[in-house]
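Peer 1: For the record, the sequence lines run as chains A and B.
Per my numbering, the first sequence starts with residue 1, numbered consecutively.
Per my numbering, the second sequence starts with residue 1, numbered consecutively.
A portion of the hints provided could be inaccurate.
Repeated chains share a single entry, so a pair holds when one copy, or any two copies, can fit it.
The calculated DSS-like cross-link candidates involving lysine-lysine, where the alpha carbons are at most 25 Å apart (straight line), are [as the list claims (entries may be wrong)]:
{"id": "1", "residue 1": "Lys9", "residue 2": "Lys272"}
{"id": "2", "residue 1": "Lys236", "residue 2": "Lys165"}
{"id": "3", "residue 1": "Lys165", "residue 2": "Lys183"}
{"id": "4", "residue 1": "Lys182", "residue 2": "Lys224"}
{"id": "5", "residue 1": "Lys251", "residue 2": "Lys195"}
{"id": "6", "residue 1": "Lys165", "residue 2": "Lys224"}
{"id": "7", "residue 1": "Lys251", "residue 2": "Lys139"}
{"id": "8", "residue 1": "Lys118", "residue 2": "Lys97"}
{"id": "9", "residue 1": "Lys139", "residue 2": "Lys183"}
{"id": "10", "residue 1": "Lys114", "residue 2": "Lys183"}
{"id": "11", "residue 1": "Lys118", "residue 2": "Lys183"}
I should point out that these hints are in silico values taken from the structure, not numbers from a laboratory.
Please read all numbers here as calculations on a predicted model, not as lab measurements.
2 protein chains.
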Amino acid sequence: MKVGFLGPKATFTDIAVREMFPEEKAVPYLTIPDCFDALIEDEIDMAVVPLENALEGSVNITLDYLVHEVDIPIIGEVTCPIRQHLMVHPMNKDKWKEIGVVYSHSHALAQCHKFLHKELKGTPSEKTTSTAAAAQFVKESPDIIAGAIANELAATEYGLEIVQKDIHDVSYNHTRFIVLSKKKVRLHEEKSTYKGFKTTVMITLPSDRAGALHQVLSAFAWRKLNLSKIESRPMKTGLGNYFFIIDVDMKQDEVLIPGVVAELEALDCQVKILGSYPYFQIGSEKSRVQHL
Amino acid sequence: MKVGFLGPKATFTDIAVREMFPEEKAVPYLTIPDCFDALIEDEIDMAVVPLENALEGSVNITLDYLVHEVDIPIIGEVTCPIRQHLMVHPMNKDKWKEIGVVYSHSHALAQCHKFLHKELKGTPSEKTTSTAAAAQFVKESPDIIAGAIANELAATEYGLEIVQKDIHDVSYNHTRFIVLSKKKVRLHEEKSTYKGFKTTVMITLPSDRAGALHQVLSAFAWRKLNLSKIESRPMKTGLGNYFFIIDVDMKQDEVLIPGVVAELEALDCQVKILGSYPYFQIGSEKSRVQHL
């Protein structure tokens with residue numbers, strides 16, 4: 001099977017893909033819409049895209065596609081720690097203090113602000129479209145003493161030397177990636193990275209019934225269904241019109257979730273299940289899902 | 001008094017400033033953090049920045065500053081319709097069909113995608129840092145037949161000719177701007193644009209008590225306090241840790257809102273009132289606040 005992902009090779013999304021689908025053919029796409037389009041047109045069997053970062057919040061373009069553009073279920077989720085390293089061309093590995101310019105994605109540069117300020121003060125930085133693109137550029141430019149900020153996979157893929165490890169300012173940064181597919185693909189729940197099952201529900205409230213959101217949450221609360229996320233998004237029909245995306249910390253069943261859906265529809269809400277899927281977590285950091 | 005705003009001159013923020021503070025000295029800043037910093041350092045008395053757009057959602061950088069960086073109350077809100085026009089240098093006003101390149105902010109180009117596809121198919125576009133910057137560039141380049149997509153104020157300010165009005169694809173696009181100040185500034189509630197009062201509350205849930213969000217909403221619901229917005233944001237302490245920003249559709253009082261705060265604190269929530277302030281709406285479009 002073919003797995004499309006937000007590329008190029010050796011992005012953090014690629015790390016998620018290699019963890020989940022080590023045997024499948026991975027196909028990089030340059031943008032998130034390109035991934036979705038390839039999935040819609042059956043160029044690929046699955047797509048892996050970022051959904052939420054612990055520091056930056058939701059990836060709006062992914063949410064917008066899920067809600068407005070595609071009708072393809074989420075079949076899995078992977079959380080990946082975001083660890084950034086400083087790397088140089090092997091020819092320059094003893095000269096990293098003399099780096100003349102640092103290349104990386106704007107988010108990665110921001111995430112390593114303190115390190116850059118302390119260790120490479122005054123060194124200019126240049127933004128690239130991804131951390132992997134920065135690594136690729138540095139590999140192709142051995143004649144200038146340039147550094148790239150990227151992940152370990154990028155150092156391996158592009159043959160760079162990591163000269164400073166874990167230079168990101170905040171240690172708890174993670175990104176959640178989702179897997180989408182039209183097909184019923186079985187993900188490997190026996191893996192050690194498997195953490196549980198969740199169900200993602202999109203709910204549109206009836207127009208202007210005060211207290212409707214409280215009623216919605218009541219339908220989950222009295223059944224003791226734990227929510228691990230709620231997010232409001234504008235409906236694109238004007239300010240003050242929102243829909244909600246709610247993650248329920250359980251697998252879709254035959255009784256409780258259908259009961260919630262029936263009750264919410266009776267309250268004039270529109271309800272759509274975006275997927276019920278296993279979630280996985282890469283890395284040994286302590287995992288914690290806060291229940292709302 | 002000095003009012004800092006997200007500039008340059010003739011941005012949509014500038015339109016909001018002119019509506020709210022026609023008599024005050026307006027000072028443009030190039031970025032939202034620059035506006036906040038100027039306010040913190042008392043270079044300006046008030047700051048006006050965008051908070052939320054009906055199509056794009058919340059402006060993350062504004063929310064982040066409000067929550068993590070500053071302790072300055074919101075004292076007012078203005079909602080402004082987003083109307084985009086195609087404008088050219090007056091020398092080229094009869095040649096707009098021959099435009100060789102269209103300049104604008106990436107959001108504005110996206111908002112006029114259908115128009116550009118239909119009327120100027122194949123014409124390349126160039127992104128600028130704001131719609132106003134596009135207008136300024138076109139004014140300074142009469143020798144090339146270039147178009148700018150910007151608002152009416154930009155056409156007036158930079159002396160351009162509007163050749164196609166209201167070219168945005170979706171008619172209901174609006175942006176909410178907030179006014180921040182350390183001072184007790186009285187806004188003009190007698191104006192026809194005045195629509196009412198709201199109170200914005202930030203709530204952090206106790207860690208991992210399932211159903212806490214439902215309890216929070218109950219504290220508002222049994223008092224029949226109407227909510228017009230709820231937004232969850234990551235806490236920057238890891239995925240799955242969220243705080244909530246809630247808009248209550250009333251002025252802060254001595255009984256009901258203090259009662260909510262006391263109850264929520266008793267439930268181990270952290271509560272901070274970001275402001276209680278009048279809101280205003282520019283433009284004649286029908287105004288509607290959906291209650292949640």
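Peer 1: Now look at each hint and say whether the structure bears it out.
Peer 2: Hint by hint, here is what the structure shows:
1. Taking identical chains as interchangeable, the C-alpha atoms of Lys9 and Lys272 are never at most 25 Å apart, the minima being 34 Å within one chain and 44 Å between chains.
2. With identical chains, the CA atoms of Lys236 and Lys165 are at most 25 Å apart between copies only, with a shortest distance of 22 Å across copies and 43 Å within one.
3. Proximity of Lys165 and Lys183 under a CA criterion of 25 Å is satisfied in neither setting, with 39 Å inside one chain copy and 46 Å between copies.
4. With identical chains, the CA atoms of Lys182 and Lys224 are never at most 25 Å apart, being 31 Å at best within one copy and 44 Å at best between copies.
5. Taking the shortest alpha-carbon separations for Lys251 and Lys195, only the intra-copy value of 12 Å comes in at or below 25 Å, while the best inter-copy value is 45 Å.
6. In this homomeric assembly, Lys165 and Lys224 never come within 25 Å of each other (Cα to Cα): the closest approach is 44 Å inside a single copy and 54 Å across copies.
7. Proximity of Lys251 to Lys139 under the C-alpha cut-off of 25 Å is found in neither arrangement, the shortest distances being 45 Å within a copy and 59 Å between copies.
8. In the homo-oligomer, the alpha carbons of Lys118 and Lys97 lie at most 25 Å apart inside one protomer (12 Å), although the nearest pairing across protomers, at 53 Å, exceeds that limit.
9. Taking CA atoms no more than 25 Å apart as the test, Lys139 paired with Lys183 passes in neither setting, with 38 Å inside one copy and 54 Å between copies.
10. Within a single copy, Lys114 and Lys183 get their C-alpha atoms no closer than 45 Å, and across copies no closer than 33 Å, so neither meets the 25 Å cut-off.
11. When the C-alpha separation of Lys118 and Lys183 is checked against a cutoff of 25 Å, the pair qualifies neither within a copy, at 49 Å, nor between copies, at 37 Å.
When held up to the earlier numbered hints, the structure conflicts with 1, 3, 4, 6, 7, 9, 10, 11 and fits the remainder.
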